[in-house]
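Colleague: Residue numbers (this note's numbering), protein chains in the order written: chain A, 1 to 272; chain B, 1 to 386; chain C, 1 to 153.
FYI, nobody ran anything at the bench for these hints, they're computed from the structure.
Keep in mind the model is a prediction, meaning the values are calculated, not measured.
Check before you lean on any hint, since a few could be wrong.
[Said to hold, decoys possible] Derived SDA-like pairs: lysine to any residue, alpha-carbon spacing no greater than 25 Å straight-line:
{"no.": "1", "chain 1": "A", "residue 1": "K269", "chain 2": "B", "residue 2": "T34"}
{"no.": "2", "chain 1": "A", "residue 1": "K269", "chain 2": "A", "residue 2": "V190"}
{"no.": "3", "chain 1": "A", "residue 1": "K269", "chain 2": "B", "residue 2": "S320"}
[To be verified] Cβ-Cβ distance ranges computed for the label pairs, FRET-style:
{"no.": "4", "chain 1": "A", "residue 1": "E24", "chain 2": "B", "residue 2": "P21", "range": "35 to 41 Å"}
{"no.": "5", "chain 1": "A", "residue 1": "A101", "chain 2": "C", "residue 2": "R42", "range": "49 to 55 Å"}
{"no.": "6", "chain 1": "C", "residue 1": "A131", "chain 2": "A", "residue 2": "E153", "range": "38 to 44 Å"}
{"no.": "7", "chain 1": "A", "residue 1": "E205", "chain 2": "C", "residue 2": "A131", "range": "24 to 30 Å"}
{"no.": "8", "chain 1": "C", "residue 1": "R129", "chain 2": "A", "residue 2": "E153", "range": "36 to 42 Å"}
{"no.": "9", "chain 1": "B", "residue 1": "R366", "chain 2": "A", "residue 2": "A213", "range": "33 to 39 Å"}
{"no.": "10", "chain 1": "A", "residue 1": "D195", "chain 2": "C", "residue 2": "E135", "range": "37 to 43 Å"}
Think of the CB as a built atom: it goes at the ideal place given N, C-alpha and C, for glycine as much as any other residue.
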Amino acid sequence: MCPQAHRVEGVSRETQDTFSLTLEPCDGAEQPRFAPGQFSMLYVFGVGELPVSISGDPEQPGRLVYTVRSVGPATHALVSRRPGDSLGVRGPFGTAWPLEAGRGKDLLIVAGGIGLAPLRPAIYHVLRHRDDYVRLIVLYGARSPRDLLYRKELVSWARSPDTQVLTTVDYGGVSWRGRVGVVTTLFRHVRLHPDRTVALICGPEIMMRYVIAELERNRGVCASDIFLSMERNMKCAVGFCGHCQYGPHFICKDGPVFSYHQLRSLLGKHEL
Amino acid sequence: MMPVEHSRAVADLDALRQLIPLLEGCGYQVVGPTVRDGAIVYDTLRKLEELPVGWTDEQEAGRYRLKKRDDNALFGYVVGPQSWKKLLHPPELRLFEVQRDGGNFRVLDNSVPPPRYAFLGVRACEIAAIRVQDRVLIEDRFTDPVYQSRRQGAFVIAVNCTQSAPTCFCVSMQTGPRAYQGFDLALTEVMDKKRHLFVVETGSPAGAELLREMNCREAPPALCREADEAVGRAAVQDRQINTTGIRELLYGHFEHPRWDNVAERCLTCANCTMVCPTCFCTTVEDLSDVTGDHAERWRKWDSCFTQVFSYIHGGSVRTSAKSRYRQWMTHKLASWIDQFGTSGCVGCGRCITWCPVGIDITEEVRAIRESGITEPASVEGDDGNT
Amino acid sequence: METLERILGEHPFFEGLEPEYLKLLVGCASNVRFQAGAYLFREGEEASHFYLIRQGRVAVEIYAPQRPPIVVQTLEGGDILGWSWLIPPYHWRFDARVVEPARAIALDGKCLRSKCEENHDLGYALLKRFAHIVEQRLEATRMQLLDVYATHV
Chain A
1 MCPQAHRVEG VSRETQDTFS LTLEPCDGAE QPRFAPGQFS MLYVFGVGEL PVSISGDPEQ
61 PGRLVYTVRS VGPATHALVS RRPGDSLGVR GPFGTAWPLE AGRGKDLLIV AGGIGLAPLR
121 PAIYHVLRHR DDYVRLIVLY GARSPRDLLY RKELVSWARS PDTQVLTTVD YGGVSWRGRV
181 GVVTTLFRHV RLHPDRTVAL ICGPEIMMRY VIAELERNRG VCASDIFLSM ERNMKCAVGF
241 CGHCQYGPHF ICKDGPVFSY HQLRSLLGKH EL
Chain B
1 MMPVEHSRAV ADLDALRQLI PLLEGCGYQV VGPTVRDGAI VYDTLRKLEE LPVGWTDEQE
61 AGRYRLKKRD DNALFGYVVG PQSWKKLLHP PELRLFEVQR DGGNFRVLDN SVPPPRYAFL
121 GVRACEIAAI RVQDRVLIED RFTDPVYQSR RQGAFVIAVN CTQSAPTCFC VSMQTGPRAY
181 QGFDLALTEV MDKKRHLFVV ETGSPAGAEL LREMNCREAP PALCREADEA VGRAAVQDRQ
241 INTTGIRELL YGHFEHPRWD NVAERCLTCA NCTMVCPTCF CTTVEDLSDV TGDHAERWRK
301 WDSCFTQVFS YIHGGSVRTS AKSRYRQWMT HKLASWIDQF GTSGCVGCGR CITWCPVGID
361 ITEEVRAIRE SGITEPASVE GDDGNT
Chain C
1 METLERILGE HPFFEGLEPE YLKLLVGCAS NVRFQAGAYL FREGEEASHF YLIRQGRVAV
61 EIYAPQRPPI VVQTLEGGDI LGWSWLIPPY HWRFDARVVE PARAIALDGK CLRSKCEENH
121 DLGYALLKRF AHIVEQRLEA TRMQLLDVYA THV
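Could you build the full structure based on these sequences and the hints that come with them?
Modeller: Printed below as a string of structure tokens:
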């Protein structure tokens, strides 16, 4: 229940307001393995704790990577860390992307904005165990070209066999020659086999709702094959503070990854 | 619930006066009801006389007054604004201290042994509430070590109610007025002009041992019957919640107009969550001293009624009073069942008494149930919550 | 003519259209190519054609003074561009600029309109398809309006 001290090994800038931090444990202790989709509570001395999805390689638990967008004082404190600084880490917590269930199937990954961060460990896993999966399709949308994360990796992922990586932005620019349009507009370039598709979705809630509608209504993908990662206020990450409740679910321990089947009657309810 | 027939003893006031010294001799800090600032609250008791002797309470929706009785009953009242969660799940708790060490930090190892409490005067609904919190804080996926250590060390002396307040509805929530389990000793006060006695039941080996030290004789059957009748009088209650299908009722009426109605009255003052014996929500605060070398993390009671409770970057999810009242009531009566297998409500009535505008949870449920309004299907029910 | 008919039939927009209607449409169709940077049309011009894009990328954009043109959407192979030919007074509401060199089938608006007036069944079949496209574009535009990735205060 106490944060474990970790040293900031590196800080890299992904976009104008988003940074990736790489942490290593201070005492060289062996780190618990994490599953793609899980999160940690990151503690900044004297400031506070925040839930942040782990966005690094699950086969390298000793190097924890977190991609953080600076949106307020707490996240600003996190992204202002410099190599050599300490951060406390508690975790990993929460449920994981169902990568076992996806074996032998097409994995469809749909990410919006910073939502690509919690999905990256899943992509790493699939690429490392490529033969366990059929096709890998990554659909990624961001606000503008400057907000696209992991650009170099997106290019290298596309080169894997049987892998499709499509990106788009909501707002183009004069020099942007890529796609413009919301992430659901990417679906028209993708052929899906509904009975052998597992979809993993992460992004703003509205975006996830629209993507789910596209998958379920227009593509016939089953609700129990669609998975999403939810977010709510979190203080303790162990189901005691009560803040992260979403209907009857505690996002910290029943989530953050849920199947759409579990959330069907909750998604879209006003002020739930 | 079948009454358990263990043999019962009878204690008079003199015998009962031994209780606190005996418990203190065993290393317990005795906590029980006492009068302070016009209310009956829970605090350390050194003598039996510190109980609210000769006092009773008058409670209604939004109203609480103490009144002198015409006798010297020790337990002639029901529950006040505080509950035992004040001791088991403290309102403020320091979780840890951290020391800065250059660019590094160290969490200091300065845990203190937990207090050993003896609770004197726990009502049946309160035992039920403690068991509800046990389920949340000990028996679910994670264990709260502070709650667990205080809970395991606690000695419980229950008191069976011989009267109920108009705001009580433990009978419909099946939590009282009689305590059947969850205590070390249980007392039922029997008094009239001629005598002032207590029928004592044991509920555990520790309770039996303590009773032996008090040298009480066995209670005659007639006295036991009188005690049972007295408790029976407390079971006559006006208020009730019909809990049949309450999960489906509340899940299925998410947009019921009654929520707008209650929102017009609710001040989101959070009193109900503070007095509720099962509400467990907390927040954390990180503080550092002026030098910046020493920081502490504190845990404090929180309430889903606050504006910032549901804040995530950009704004709160539940901004309207309507959404916050709905969240509290739906959680208490419905979601709790999905989460922990029981209702979160024990029918103690505190939320009704202590609401400044007298919102009555039993009335709100009735209003939704009897309105005959049905919402178009998005059928709640099996959400795969298995 | 034969090749054009086959190309038309294979384009996703006309998938499932009865062969006799395809034959009617071929008379209004022609093959076109555009270099990157070229404009297929500009706002305000007469909407004389609509385009079945076969390859390349086209940006739908709107010009406002004092800032570069705003691209609201890009379209590529398999998409259709333009429905202003259907709705009086038949003027384009935006610019269409080629981003990646494009090949398309242009369908003459006047020609199509007169054939639809003669054959209402053909008209209905086309309108159904266009309604679907318009609905998709509207929904996408609404989501774009929401600016879902921004931090809202």
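Colleague: So, for every hint listed, does it hold in this structure?
Modeller: Quick rundown of the hints versus the structure:
1. Taken as a hint, the K269 of chain A and T34 of chain B pair is broken in the structure, with Cα atoms around 46 Å apart against an allowance of 25 Å.
2. Distance check on the hinted pair: K269 of chain A and V190 of chain A sit about 30 Å apart at the alpha-carbon level, beyond 25 Å; violated.
3. Pair hint K269 of chain A plus S320 of chain B holds up; C-alpha atoms about 14 Å apart against a cutoff of 25 Å.
4. The beta-carbon spacing between E24 of chain A and P21 of chain B, approximately 58 Å, falls outside the hinted interval of 35 to 41 Å.
5. For A101 of chain A and R42 of chain C, the hinted distance range of 49 to 55 Å is satisfied, since their beta carbons lie about 51 Å from each other.
6. Separated by about 40 Å at the C-beta atoms, A131 of chain C and E153 of chain A satisfy the suggested range of 38 to 44 Å.
7. Between E205 of chain A and A131 of chain C the C-beta distance comes to about 29 Å, which sits within the given range of 24 to 30 Å.
8. Checking the proposed 36 to 42 Å range against R129 of chain C and E153 of chain A shows it holds: the Cβ atoms sit about 39 Å from each other.
9. Between R366 of chain B and A213 of chain A, the C-beta spacing of about 38 Å keeps the proposed range 33 to 39 Å intact.
10. In this structure, D195 of chain A and E135 of chain C break the distance hint of 37 to 43 Å, their C-beta atoms being roughly 27 Å apart.
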